[in-house]
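K.L.:
Since the structure of chain A is provided, determine the placement of chains B and C with the ligands on it from the hints.
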Amino acid sequence: MAQFLQYAFSGLTVGAVYALVALGFTLIYNASGVINFAQGEFVMLGGMVTVFAAAAGVPLPLAALLAIAVAVLVGIALHLFAIEPAKGASAVTLIIITIGASILLRGLASIVFDKRFHALPAFIPGEAWRVGGASILPQSALVLGGAAAVVVLLWVFMSRTLVGKAMIATAANRMAARLVGINTVWIICASFAVSAAIGAIGGILVTPITLTNYDVGTLLALKGFSAAMLGGMGNPLGAIVGGLVVGLLEAFGAGYISSAYKDAIAFLVILLVLFVMPNGLFGRAGVERV
Amino acid sequence: MSLLSVRDIGIEFGGVTALSGVSLDVGPAEIFAIIGPNGAGKTTLFNIISGLYVPKKGRVELRGEDVTRYPVHRLSELGLSRTFQNLQIFFRMTAAENVMVGRHLHEKRGVLPHLFALPSTKKQNAETRAKAEELLAFVGLKGISEQTAGNLPYGALKRLEIARALASEPEVLLLDEPAAGCNAVETAEIDEIIQKIAARGVAVVLVEHDMRLVMKISHRIHVLESGRTLAEGSAQEVRRNPKVIAAYLGKHAGEEAAHA
Amino acid sequence: MTMQALLRRHGVVLGLAVLVLVLPLVLPSNFYFRIATLTFIFALAVLGLNLVMGYAGQVSLGHGGFFGIGAYAVAVGPTHFGIPVWAALPLGALLAGLLAFLIGRPILKLKGHYLAVATLGMGILIAMVFTNEAQFTGGPDGMSVPRLVLFGWSARGPVTWYWISGVSLVGAAWLAMNLIDSPTGRAFRAIHDSEPASGVLGVNVARYKLIAFVLSAVFAAVAGAYLALYDGGVTPRTAEFLRSIEFVTMAVLGGLGSVIGSVVGAAFLTILPQVLTVFHDYEHVVLGLLIILFMMFLRDGIVPTLARLIFRRRP
Ligand SMILES: Nc1ncnc2c1ncn2[C@@H]1O[C@H](COP(=O)(O)OP(=O)(O)O)[C@@H](O)[C@H]1O
Ligand SMILES: [Mg+2]
Numbered sequence: 393m394a395q396f397l398q399y400a401f402s403g404l405t406v407g408a409v410y411a412l413v414a415l416g417f418t419l420i421y422n423a424s425g426v427i428n429f430a431q432g433e434f435v436m437l438g439g440m441v442t443v444f445a446a447a448a449g450v451p452l453p454l455a456a457l458l459a460i461a462v463a464v465l466v467g468i469a470l471h472l473f474a475i476e477p478a479k480g481a482s483a484v485t486l487i488i489i490t491i492g493a494s495i496l497l498r499g500l501a502s503i504v505f506d507k508r509f510h511a512l513p514a515f516i517p518g519e520a521w522r523v524g525g526a527s528i529l530p531q532s533a534l535v536l537g538g539a540a541a542v543v544v545l546l547w548v549f550m551s552r553t554l555v556g557k558a559m560i561a562t563a564a565n566r567m568a569a570r571l572v573g574i575n576t577v578w579i580i581c582a583s584f585a586v587s588a589a590i591g592a593i594g595g596i597l598v599t600p601i602t603l604t605n606y607d608v609g610t611l612l613a614l615k616g617f618s619a620a621m622l623g624g625m626g627n628p629l630g631a632i633v634g635g636l637v638v639g640l641l642e643a644f645g646a647g648y649i650s651s652a653y654k655d656a657i658a659f660l661v662i663l664l665v666l667f668v669m670p671n672g673l674f675g676r677a678g679v680e681r682v
Numbered sequence: 078m079s080l081l082s083v084r085d086i087g088i089e090f091g092g093v094t095a096l097s098g099v100s101l102d103v104g105p106a107e108i109f110a111i112i113g114p115n116g117a118g119k120t121t122l123f124n125i126i127s128g129l130y131v132p133k134k135g136r137v138e139l140r141g142e143d144v145t146r147y148p149v150h151r152l153s154e155l156g157l158s159r160t161f162q163n164l165q166i167f168f169r170m171t172a173a174e175n176v177m178v179g180r181h182l183h184e185k186r187g188v189l190p191h192l193f194a195l196p197s198t199k200k201q202n203a204e205t206r207a208k209a210e211e212l213l214a215f216v217g218l219k220g221i222s223e224q225t226a227g228n229l230p231y232g233a234l235k236r237l238e239i240a241r242a243l244a245s246e247p248e249v250l251l252l253d254e255p256a257a258g259c260n261a262v263e264t265a266e267i268d269e270i271i272q273k274i275a276a277r278g279v280a281v282v283l284v285e286h287d288m289r290l291v292m293k294i295s296h297r298i299h300v301l302e303s304g305r306t307l308a309e310g311s312a313q314e315v316r317r318n319p320k321v322i323a324a325y326l327g328k329h330a331g332e333e334a335a336h337a
Numbered sequence: 051m052t053m054q055a056l057l058r059r060h061g062v063v064l065g066l067a068v069l070v071l072v073l074p075l076v077l078p079s080n081f082y083f084r085i086a087t088l089t090f091i092f093a094l095a096v097l098g099l100n101l102v103m104g105y106a107g108q109v110s111l112g113h114g115g116f117f118g119i120g121a122y123a124v125a126v127g128p129t130h131f132g133i134p135v136w137a138a139l140p141l142g143a144l145l146a147g148l149l150a151f152l153i154g155r156p157i158l159k160l161k162g163h164y165l166a167v168a169t170l171g172m173g174i175l176i177a178m179v180f181t182n183e184a185q186f187t188g189g190p191d192g193m194s195v196p197r198l199v200l201f202g203w204s205a206r207g208p209v210t211w212y213w214i215s216g217v218s219l220v221g222a223a224w225l226a227m228n229l230i231d232s233p234t235g236r237a238f239r240a241i242h243d244s245e246p247a248s249g250v251l252g253v254n255v256a257r258y259k260l261i262a263f264v265l266s267a268v269f270a271a272v273a274g275a276y277l278a279l280y281d282g283g284v285t286p287r288t289a290e291f292l293r294s295i296e297f298v299t300m301a302v303l304g305g306l307g308s309v310i311g312s313v314v315g316a317a318f319l320t321i322l323p324q325v326l327t328v329f330h331d332y333e334h335v336v337l338g339l340l341i342i343l344f345m346m347f348l349r350d351g352i353v354p355t356l357a358r359l360i361f362r363r364r365p
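Protein chains in written order, with the numbering used here: chain A, 393 to 682; chain B, 78 to 337; chain C, 51 to 365.
So here's chain A without its partners, still in its complex pose:
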């Protein structure tokens, strides 16, 4: 039981980060139809900028804010200089552009920072808590709490603010949104910015536990994308559930079956789910119109 709890905690911690990445995918996808494979680089930027700013003497909270700001700027730049000019190109073309952006950002990070692994001190120092025989690091709780806070904030932002509502309208029907006077270019830009911020926050929270380097984004994008698809593309709730499920599958797979095959177990489950539910857990089936 203690072991089960232990795996569950570690699974939820990683899963929360996957969920944030998946949420980032979903936001951009809904607003623009683009699958942004540079999503993992936002997480990397969150961690790396915080690490280097802190090392330069910036107080940690400020360093974290700076990291979020940098990620947001990069997200906006990605949209303005790479996605918007290619408007109207096919979906694969846009995906390859984001892959190019991901390579570019990794390259830049390896120059501006370095290629080594870095850690941050835990934000809440102290002993691990004992819960039901399992030990849980305060930082893990912070990751989970932080992710939950991001989700709630995002929800409030989406349902209460004009920009958020415009984002929802744009996601539902871009043409109609444009007709009622919403500047959809601006809204897509905002979705890149919000997405980047979410990714960066995930990166900041998790760095004390998992370390970071210039290259961590690739795998995170892969897991986040898979999680988003598992949940059902375009569905924010699906993205969150998908992320947590992938995290839990990895942790339990590693614990009970084989740590070497932990990724395999997650993907095996994703495959099996898709065979039964071809539109993911929360995707709507619908009959294709002809």
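Hints are supplied without guarantee of correctness; some may be wrong.
Straight-line C-alpha distance at most 25 Å; calculated BS3-like pairs for lysine-lysine [to be verified]: (1) B/Lys293 to B/Lys320; (2) B/Lys133 to B/Lys219; (3) B/Lys208 to B/Lys273; (4) C/Lys161 to A/Lys479; (5) C/Lys159 to B/Lys133; (6) B/Lys293 to B/Lys273.
No lab work stands behind these hints, which were simulated from the structure alone. Computed from a prediction, not measured in an experiment: that's the story for all the values here.
P.N.:
Below, chains B and C with the ligands alone, put in the same frame as chain A:
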């Protein structure tokens, strides 16, 4: 025996009934029109007959064989073909190639001979292409066979769909608004094409909004409204049916039809 | 008209053959032969990927896995099972085809992004086996691959492999061009543009997706075997998911649905990193930037976009 027979078809989307209790029979060489206002369920009925949608209720028979749950491509083997209201053109392929796909079931389909371009494959390709050219000429599209379909005007694409559907040599042909968006001259040509097709013994099921065309060439007309059958009969009968006049044709259209 | 189409079709294969024949005259050293050989090998895999992605319109982010199966077949077969190398190569291709056949049935029912993630998962699962079944594969360090020996003649070195891979690529392009202009190829392309219309015309959509998937897996496996034989070794990195992404990038950059595009895309991502080493640390920055710019300005891929620009000027 009728070639195509639809029995008590019902379907719903997300709880909303789109068709209910629709039955009809079409025989060889017959031009059978289905009319009704937008959203009446005409296209949905075509989608069910051609196997793209599975109905909740009822069945579809081809020459007496229950084909309701057959995969789409099997229906083509049994002699059914159709065109689409919202064009489903292979727009990256040339016009000729579009029609050549229609010959699929008449071609040998072993992959290895195709890979190695054996003489048999080359010969077959030439035959298929000749047949495609012939069909393009039949629908009045001579001389555009090498153009990419995506670059052709709307009117040409409508005919291209007809040529493509004919390529499979169907016994039952469903045409979904073949004259939509066509001018008077083009409509007259399509009128002629449809009559020629039926004269060869093909059962033609026609969905069309151009009442002049429908009244002129249809042997029987089936009127749908909100997913239900309103009336069925000859042009004369339907035109005089008070329910049809009231519910569908309206005053103006009723007068127009009476003069047609 | 038809003559022109025929000419164009043979033109592609002929042009490629001439390129393979002439290139050695200008390649100054073994180093360049190596790059050309790698280009041909990757082009072979991308050509296969193009059948399923560019022609049949079904995305695969898992072809690195099939590539790996070919590569490990010529490593594991001879080392652990005593299968001669020349037999292990087609056996690997067969195995990849068989796996594609089995897994393709359920996977190809998925569409778009769901298909992408399913194939991605498949590729990763295959790669994990190579990493973890160390008693057969040597684990993360990989294993060495015996030389290909045919009639007492041992295939080694860049020049030899230049010819093997170059001739194979021309052959593969010939096969692909034949297929594209056959009922099978027309079925592929029809499915890409409209599945409902294909089905209504009698095309068994599931079957043709599967055929495209299996063929492309075989192409990738042969390419993987060549790379392993040429390098004399194989590691799990041969099959990792970045490899799959690289193949897709090559296919899209060169041009989906273009045989020449497959070669150009493979050349782009094989040659460019070599050239970019002059930028030292900035290598990846420039590579990423170039990918973005090329896709931005040549949206349909290098070859189709340029071809359109050139042909538009003609009446
Ligand atoms: N795939 C589908 N999903 C949901 N609703 C559909 C679908 N296809 C048709 N409908 C609905 O069924 C009704 C009939 O539509 P349709 O058959 O296209 O009408 P018609 O062709 O007579 O104009 C409409 O209300 C339409 O919205
Ligand atoms: Mg309709």
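K.L.:
Work down the list of hints and note, for each, if the structure agrees.
P.N.:
Hint check:
no., hint, result
1, B/Lys293 to B/Lys320, "21 Å, holds"
2, B/Lys133 to B/Lys219, "43 Å, violated"
3, B/Lys208 to B/Lys273, "17 Å, holds"
4, C/Lys161 to A/Lys479, "23 Å, holds"
5, C/Lys159 to B/Lys133, "22 Å, holds"
6, B/Lys293 to B/Lys273, "14 Å, holds"
Violated hint: 2 only; the structure is consistent with all others.
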